[in-house]
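A.B. asks: One-letter residues, chain by chain:
Number of protein chains: 2
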Amino acid sequence: MPRVKCTIAYDGAKFSGYQVQPNSRTVQEELEKALALIHKGSEIKVTASGRTDAGVHARGQVIHFDTSLAIPDARWPSALNSRLPEDIAVKQAETVPDSFHARFSAAGKEYRYKIYQDQVRDPFNRFYACQSPVKLNTSLMEEAGRQLIGTHDFTSFCSAKTEVEDKVRTITKLEVVEKGEEIELRVAGSGFLYNMVRIITGTLMEAGKGKISPDDISSILAGRDRSLAGKTAPAEGLYLWKVFY
Amino acid sequence: MPRVKCTIAYDGAKFSGYQVQPNSRTVQEELEKALALIHKGSEIKVTASGRTDAGVHARGQVIHFDTSLAIPDARWPSALNSRLPEDIAVKQAETVPDSFHARFSAAGKEYRYKIYQDQVRDPFNRFYACQSPVKLNTSLMEEAGRQLIGTHDFTSFCSAKTEVEDKVRTITKLEVVEKGEEIELRVAGSGFLYNMVRIITGTLMEAGKGKISPDDISSILAGRDRSLAGKTAPAEGLYLWKVFY
Numbered sequence: 001m002p003r004v005k006c007t008i009a010y011d012g013a014k015f016s017g018y019q020v021q022p023n024s025r026t027v028q029e030e031l032e033k034a035l036a037l038i039h040k041g042s043e044i045k046v047t048a049s050g051r052t053d054a055g056v057h058a059r060g061q062v063i064h065f066d067t068s069l070a071i072p073d074a075r076w077p078s079a080l081n082s083r084l085p086e087d088i089a090v091k092q093a094e095t096v097p098d099s100f101h102a103r104f105s106a107a108g109k110e111y112r113y114k115i116y117q118d119q120v121r122d123p124f125n126r127f128y129a130c131q132s133p134v135k136l137n138t139s140l141m142e143e144a145g146r147q148l149i150g151t152h153d154f155t156s157f158c159s160a161k162t163e164v165e166d167k168v169r170t171i172t173k174l175e176v177v178e179k180g181e182e183i184e185l186r187v188a189g190s191g192f193l194y195n196m197v198r199i200i201t202g203t204l205m206e207a208g209k210g211k212i213s214p215d216d217i218s219s220i221l222a223g224r225d226r227s228l229a230g231k232t233a234p235a236e237g238l239y240l241w242k243v244f245y
Numbered sequence: 001m002p003r004v005k006c007t008i009a010y011d012g013a014k015f016s017g018y019q020v021q022p023n024s025r026t027v028q029e030e031l032e033k034a035l036a037l038i039h040k041g042s043e044i045k046v047t048a049s050g051r052t053d054a055g056v057h058a059r060g061q062v063i064h065f066d067t068s069l070a071i072p073d074a075r076w077p078s079a080l081n082s083r084l085p086e087d088i089a090v091k092q093a094e095t096v097p098d099s100f101h102a103r104f105s106a107a108g109k110e111y112r113y114k115i116y117q118d119q120v121r122d123p124f125n126r127f128y129a130c131q132s133p134v135k136l137n138t139s140l141m142e143e144a145g146r147q148l149i150g151t152h153d154f155t156s157f158c159s160a161k162t163e164v165e166d167k168v169r170t171i172t173k174l175e176v177v178e179k180g181e182e183i184e185l186r187v188a189g190s191g192f193l194y195n196m197v198r199i200i201t202g203t204l205m206e207a208g209k210g211k212i213s214p215d216d217i218s219s220i221l222a223g224r225d226r227s228l229a230g231k232t233a234p235a236e237g238l239y240l241w242k243v244f245y
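Chains P and H, in that order, give the protein sequences. The opening residue of the first sequence carries number 1 in full-length UniProt numbering; numbering runs sequentially from there. The opening residue of the second sequence carries number 1 in full-length UniProt numbering; numbering runs sequentially from there.
Heads up, a few of these hints could be off.
Copies of the same chain look alike in the list, so a pair counts if it fits in one copy or across any two.
30 Å max Cα-Cα, derived DSSO-like pairs, lysine-lysine [what the hints assert, rightly or not]:
| no. | residue 1 | residue 2 |
| --- | --- | --- |
| 1 | 135 | 91 |
| 2 | 231 | 91 |
| 3 | 135 | 167 |
| 4 | 242 | 179 |
| 5 | 114 | 135 |
I should point out that these hints are in silico values taken from the structure, not numbers from a laboratory.
Bound conformation, chain P alone (with noise of 0.2 Å):
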């Protein structure tokens, strides 16, 4: 059977989540749904690069699936975009070798965080950045930031909850991108633990407000202790921007 790989793109504000879960409405559920009405109700089993949490967003997340269909590359996002809700959208889709695994094969991740700065809140970002009320420094940011790339162990910046053991990660970009009001952070790495991103961003913001130093960086993270970093950032400013193989 081919194994077909997508790279998906969806809003997450009216999900709770990538991962089918009881009583909930979720991006997995959704595309199961479009490729059983494909394949005639015959259950597809999809596989994503990971989950995402209730209301975080993907530009570029990527999964795979199997089918008995023959049904060309080129043909396959618009025969499952006019079968899914209009908040996900396959932009792209290739038959690969059998080989190929969304989640296992996957060498790195890059995720971008929205930050817009502004005193009154803005209707237009309320699902889609988080607000910061005050101007923040990010050239404090950035060199906080540049104190996390590299190897290192994480066990500060993921939640308390997070059960895998090994928490040694690769942060290869960390980068702060300044837009007018909008503050964007780029994060790219091996592997990502449970809030990363969020934990980041929200200690990359207490050091743009100048409430912890880029030199905190260092022994937060040699502190091992969840506590000592920021607080974890909303879900609504965070994107899965691209899955690297």
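Given chain P, work out where chain H should sit, using these hints.
C.D. replies: Okay, now just chain H, sitting in the frame of chain P:
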């Protein structure tokens, strides 16, 4: 009684337009409910620079109301925002003379219309921009737009249902701004007829596809017939950007 002028922004996606109508969620109703809460139940009438249709957004709508309360200008935004739903925000407030009227004192308005060019629909733009599956030629759009600048009878560029007699209006600015895959039309003028910006947009999109030539605009204007111009572009791409006084 002091008169207060407010600049407000709203995401039009979940509203049946600005103006109060029975059994519908409207911007005006939400504003009046918030004001009634502040005024201990007294009804406060809100007057806007003009209505916007269902799905149309505002970045710089202007309203006024009269109040018995002595709230300092700087406090009005937060007083109202804490009582307004998240899709409306008061950005700025100031006390104005009684002679100020949000509608009758307005000297002009700027609207913007957002188009994104993508073969595949973008979930993030479904409420906020109009999709063009084909690339548009923005030089042709600009050239067509230039023919509309100035004082003209805009009968061909307003809904056939328009009741107002005098259809002469002045367009002072019509810019076509391209940023990556996005095109923004910026149209300013003394006043606008019903659906005028959306019909101008639909017509310029035809020009951008090469279906009409920029030279056709003068005969479309001269024909004074709605059927000569392009389709009415959808509401979701339209933003009331600024009201001039």
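A.B. asks: Run every hint past the structure and note whether it holds.
C.D. replies: Verification of the hints:
1. In this homomeric assembly, residue 135 and residue 91 come within 30 Å of each other (Cα to Cα) only across copies, at 17 Å, whereas the closest approach inside a single copy is 35 Å.
2. Taking the shortest Cα distances, residue 231 and residue 91 sit within 30 Å of each other only across copies (27 Å), while inside one copy they are farther apart (33 Å).
3. In this assembly of identical chains, the alpha carbons of residue 135 and residue 167 never lie at most 30 Å apart, being 33 Å within a copy and 46 Å across copies at closest.
4. Proximity of residue 242 and residue 179 under a CA criterion of 30 Å is satisfied in both settings, with 21 Å inside one chain copy and 22 Å between copies.
5. In this homomeric assembly, residue 114 and residue 135 come within 30 Å of each other (Cα to Cα) both inside a single copy, at 14 Å, and across copies, at 28 Å.
Going through the hint list in order, the structure does not satisfy hint 3, though it satisfies all others.
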